[in-house]
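Student: Chain by chain, the residues run as shown.
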Amino acid sequence: MNILRNQLPMAAMLVTGMVLTIISWSFYRNAHASANSAADVYAESLRLSTDLERFRNSPRIASLEVEPPDRIAARVSAAAKEANLSPLAILSVDPQLPVRVNRTAYQIRATQVVLQNTTLAQIAGFVAGLEDASSGMIVRDLSMNRSTVAGENDSELWNVRLTLTQMIFSPISTQ
Amino acid sequence: MGKRGILLCEQADGWELSSTSSTIPSAMIDCTQVESDRTARTIAEATLAFAKNNSLHTSQMLLAVASESVLFATIPGTNFDAIKTNQALRFELESLLPCDAEGIVADFIEAPRGSKQNSFAAVALETAHLESIVKTLEEAQCKIQFIVPRSMLAFEQASIEKLLPASSLSLWVMRTGSDAPQVEILATDSNRLPIAWQICDLDPVSIEQNIRILNSDSLPIFVVGSSQETELLSGSIRLEHQTINQDSSALAKKRAAKLLTGGEEPWIDLRRDVLASQDPWRRHRSSIGRLTVAVCIFFAVACGTFLWRANHYQSLANQYKDKQENIFRETFPGQRVPAAILARLKSEYAKAKGVRSTDTATDSPESALLILRMIIESFTKDFPFEVLDIRIENNRLAMDIELSTQQDAGKIAAALAGQGFRVEPPATTLVDGDRIRATLIGAYDANSNNLSNNSDNRALR
Numbered sequence: 001m002n003i004l005r006n007q008l009p010m011a012a013m014l015v016t017g018m019v020l021t022i023i024s025w026s027f028y029r030n031a032h033a034s035a036n037s038a039a040d041v042y043a044e045s046l047r048l049s050t051d052l053e054r055f056r057n058s059p060r061i062a063s064l065e066v067e068p069p070d071r072i073a074a075r076v077s078a079a080a081k082e083a084n085l086s087p088l089a090i091l092s093v094d095p096q097l098p099v100r101v102n103r104t105a106y107q108i109r110a111t112q113v114v115l116q117n118t119t120l121a122q123i124a125g126f127v128a129g130l131e132d133a134s135s136g137m138i139v140r141d142l143s144m145n146r147s148t149v150a151g152e153n154d155s156e157l158w159n160v161r162l163t164l165t166q167m168i169f170s171p172i173s174t175q
Numbered sequence: 176m177g178k179r180g181i182l183l184c185e186q187a188d189g190w191e192l193s194s195t196s197s198t199i200p201s202a203m204i205d206c207t208q209v210e211s212d213r214t215a216r217t218i219a220e221a222t223l224a225f226a227k228n229n230s231l232h233t234s235q236m237l238l239a240v241a242s243e244s245v246l247f248a249t250i251p252g253t254n255f256d257a258i259k260t261n262q263a264l265r266f267e268l269e270s271l272l273p274c275d276a277e278g279i280v281a282d283f284i285e286a287p288r289g290s291k292q293n294s295f296a297a298v299a300l301e302t303a304h305l306e307s308i309v310k311t312l313e314e315a316q317c318k319i320q321f322i323v324p325r326s327m328l329a330f331e332q333a334s335i336e337k338l339l340p341a342s343s344l345s346l347w348v349m350r351t352g353s354d355a356p357q358v359e360i361l362a363t364d365s366n367r368l369p370i371a372w373q374i375c376d377l378d379p380v381s382i383e384q385n386i387r388i389l390n391s392d393s394l395p396i397f398v399v400g401s402s403q404e405t406e407l408l409s410g411s412i413r414l415e416h417q418t419i420n421q422d423s424s425a426l427a428k429k430r431a432a433k434l435l436t437g438g439e440e441p442w443i444d445l446r447r448d449v450l451a452s453q454d455p456w457r458r459h460r461s462s463i464g465r466l467t468v469a470v471c472i473f474f475a476v477a478c479g480t481f482l483w484r485a486n487h488y489q490s491l492a493n494q495y496k497d498k499q500e501n502i503f504r505e506t507f508p509g510q511r512v513p514a515a516i517l518a519r520l521k522s523e524y525a526k527a528k529g530v531r532s533t534d535t536a537t538d539s540p541e542s543a544l545l546i547l548r549m550i551i552e553s554f555t556k557d558f559p560f561e562v563l564d565i566r567i568e569n570n571r572l573a574m575d576i577e578l579s580t581q582q583d584a585g586k587i588a589a590a591l592a593g594q595g596f597r598v599e600p601p602a603t604t605l606v607d608g609d610r611i612r613a614t615l616i617g618a619y620d621a622n623s624n625n626l627s628n629n630s631d632n633r634a635l636r
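So the sequence lines, in the order shown, correspond to chains V and E.
Last residue of the first sequence: 175 in our numbering, with the numbers rising by one and none dropped.
Last residue of the second sequence: 636 in our numbering, with the numbers rising by one and none dropped.
It should be emphasised that the hints constitute simulated quantities derived from the structure, not laboratory data.
Values in this document were obtained by computation on a predicted structure and should not be read as measured data.
Be aware that a few hints might be false.
Under the rule of at most 16 Å between Cα atoms (straight-line distance), these lysine to aspartate or glutamate pairs were calculated in the EDC-like manner [to be verified]:
#1 498(E) to 40(V)
#2 586(E) to 575(E)
#3 521(E) to 40(V)
#4 429(E) to 94(V)
#5 521(E) to 141(V)
#6 526(E) to 40(V)
#7 310(E) to 212(E)
#8 496(E) to 44(V)
#9 310(E) to 448(E)
#10 318(E) to 444(E)
#11 521(E) to 53(V)
#12 429(E) to 336(E)
#13 528(E) to 51(V)
#14 498(E) to 44(V)
#15 496(E) to 40(V)
#16 521(E) to 51(V)
#17 429(E) to 415(E)
#18 528(E) to 53(V)
#19 528(E) to 65(V)
#20 433(E) to 336(E)
#21 526(E) to 53(V)
Pulled out of the complex, with its shape left as it was, chain E reads as follows:
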């Protein structure tokens, strides 16, 4: 069940409060000077009381002004876009109506999209007429959705319900308070939109004069109102006409209820400029509210998602940390796990690489003992020789030996080569007439021979 709104209607002798619900009786506000602040406060207080007594919502309120309070003009021409802005419209109306552009609010009726419109109707309202009332109601937390001429609500509903044919002239009997009823003459175009609107007294002469002025195209004439009203009016005019029994107040209330439900815009809305300065976003408030809720839901979902993902990643980070601690414990059993595990591992890695790695920047020397062992292993017992001198320096070998023949020196050099030495051809010298002294020079290539790794130092002992 939707909210029930409040309809504040201007009458000839004051303001009437009613609800869009037909079960709630209307209430008159006793005031005569609507311009004064005191009257505005009286209206606001009465509205709050009416809302409270009838469980109505002050956030759904429509202010219907009397037809006498507004000015109507038909702007000819098809240059519609040139004066489409509200400010331009006000200045355009200044030349057509007896009003000051600075002191009015105005709105125009736009034809449905795609339909042809040779002229359009505009309605203006002097801001001083309602400014203090609107301001006071807003201060009292009453949210006025629309300000619409009361008769225009009935016209609009009749157009929606297609009570009247397109391009017609209708006569409406309007009762405003306790005063004598008035007749409002409305001419509509092929889109059922107003092109002329006139108020006159319930006087046959006056009515017929106005009809002749407005009905230059000989449009069909209809009389709209309750049965009593139509009987009263039918007797006053001699022109051919048809009667439609529809209460204009009921039509207006029906249209007001529809507008307050939301989603539709009235033909004419004078809740703008000065009369809407307190709440420029009024028209979009419900959309903004829905958008806000949607955004808040989005924020909530985003928050939840972010926190859930953050928790997941935090859990992953903890798992990796635990694994890292396990690695440290496996690598360094019995040691306390430090806070900076990676730094410790890097430090240990650098040390281990420096102390044990063979692919470091410097060549590690071989033990001279291993080289000596391989030299001795290369010695043969096939022929006598005597070692005089052995010099091993950083894998390089120089050895002086004495032997019987030069060929024996070559055999020893070959034996050394067999042990992994790169040996130069031996230089020999004859000494003491029968002995040959040979100098063997070579270098041990550790990379080409892995015997050193398997050698046993104790073999020499």
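Only chain V is shown next, with the shape it has when bound in the complex:
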């Protein structure tokens, strides 16, 4: 017992020193891992930021959300007004459900619009009014037939069937 009692301070010192060393080593290891992780995260953030800046200078090709039906009707009306199209010239507006493009992260929503007896300038104005790059809206398909009716000053009139397409970025969830 005496021996144990005599050696106790020495043993306590050793154990305390060992424990403190282990604790400080643990601090060191965590800090080292933390610094490495922070460096990696910083490098990744820098890369992402650079790419984001690059993307900002690129044109939009898709929207992030599906345009609601009332907005489509409003868009058609506004485009018709801008193109000086009579409401009677718009025979139909037919929005369809979004469908996924193969197995990509994109969906396409098509809206078919049928016009009758319109001039070429009205067609161009109407299509330009419909298209909106910020929301991924373009007129992808355009079918024009000569109308049997002649316009003012015997100008050409066209019957038109166009497809307004909205590209929507909608990634498939992996969870």
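Given the coordinates of chain V, assemble chain E onto it according to the supplied hints.
Tutor: Using the frame of chain V, we list chain E on its own:
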């Protein structure tokens, strides 16, 4: 200045306490029954008091037993390694000495490394003689470093100081307490190590008989002791001899002081087995202490280094975090910096890549308006023609026109190709006898023509 140790010497009539310092007078402990626990307690109490009164350290203590208490034997043979272990030595001594191997502790004198040794001397001590004293002293925090036969300390010091020549026979007058002095006869070999050790009374007949028994090789004889002692002994022997005036007690004390200073081992150390059971690491305690201090210093340095490096890395991590926050602020000005910046950046990157990147998994269609514009730009006024029908579907073109000659259809196809269309050779049909109807089919290759990026939709208005 080193610590002054305590020397506890067994005398014929009790125990004597002295210090390795010559300035401190010795003190006798009055006890007769050393085996009893009471006597052991008396010795322990006296030792503590002696240490306290003389400012001595009880951690440096040497216990010198009387020569009468030990047994000496010379083990012949050169098979030294076979009985080198202490246990084997005890059983070897059992056949040479009147003792029980289980009841003794023993040690032997080893020749210096490299020297020839034909036999070696061993010393045994009955454990019962000292067990209770050692145990009681240890309980009283007295740290006994060595247990050595008292005379052996003097012999050892004489050997170290080369007072005696190698291979000699020496006669030592030893006073143990108040009893009559005794003569101890010591024979040494060429290494100045004991090969024979005998105690006899200060009687000329007895001395000469023992000398004749021990001195078969006619070794030179020396008488060692103080001047009074040597005179006393010289008158008692008729054999030729030389005299060396050295006090054996002073030699023993000198050797004890050297041993307690540390770093050296005595020839014989009986502080082992039962007599050292309380502290098996006693011999290495100072080394262990130094090692412990070194290890503690190492731990302290390691702790400091680890914490310093940890602080450095933590600072680096904070710097990277600040830089990352700055990147976010530059990328998204005016927005609150979120906790998970990287996750937010990844999310925004995925969105931006999906919305704006051109290298995505799907081909983005061109606007039909741009294609229509390029079709119209390809029309020429060099010859009359009439467009009947235009169909643009996902960058593909089909157009029906009426014109005068088939060559004109080819010219229009060439003009379309000039605008970036891949046009198939036009199919023509004669209608109404004089008109040619041509169908032009082609596809717009956006990658081969970048005019679309520069086109202005308003041109068609």
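Student: Hint by hint, say whether it matches the structure.
Tutor: Structure-based check of all given hints:
no.: 1; hint: 498(E) to 40(V); verdict: 12 Å, holds
no.: 2; hint: 586(E) to 575(E); verdict: 14 Å, holds
no.: 3; hint: 521(E) to 40(V); verdict: 14 Å, holds
no.: 4; hint: 429(E) to 94(V); verdict: 119 Å, violated
no.: 5; hint: 521(E) to 141(V); verdict: 35 Å, violated
no.: 6; hint: 526(E) to 40(V); verdict: 22 Å, violated
no.: 7; hint: 310(E) to 212(E); verdict: 10 Å, holds
no.: 8; hint: 496(E) to 44(V); verdict: 12 Å, holds
no.: 9; hint: 310(E) to 448(E); verdict: 13 Å, holds
no.: 10; hint: 318(E) to 444(E); verdict: 15 Å, holds
no.: 11; hint: 521(E) to 53(V); verdict: 13 Å, holds
no.: 12; hint: 429(E) to 336(E); verdict: 11 Å, holds
no.: 13; hint: 528(E) to 51(V); verdict: 9 Å, holds
no.: 14; hint: 498(E) to 44(V); verdict: 12 Å, holds
no.: 15; hint: 496(E) to 40(V); verdict: 11 Å, holds
no.: 16; hint: 521(E) to 51(V); verdict: 11 Å, holds
no.: 17; hint: 429(E) to 415(E); verdict: 29 Å, violated
no.: 18; hint: 528(E) to 53(V); verdict: 11 Å, holds
no.: 19; hint: 528(E) to 65(V); verdict: 15 Å, holds
no.: 20; hint: 433(E) to 336(E); verdict: 13 Å, holds
no.: 21; hint: 526(E) to 53(V); verdict: 13 Å, holds
Violated hints, in rising order: 4, 5, 6 and 17; the structure is consistent with all others.
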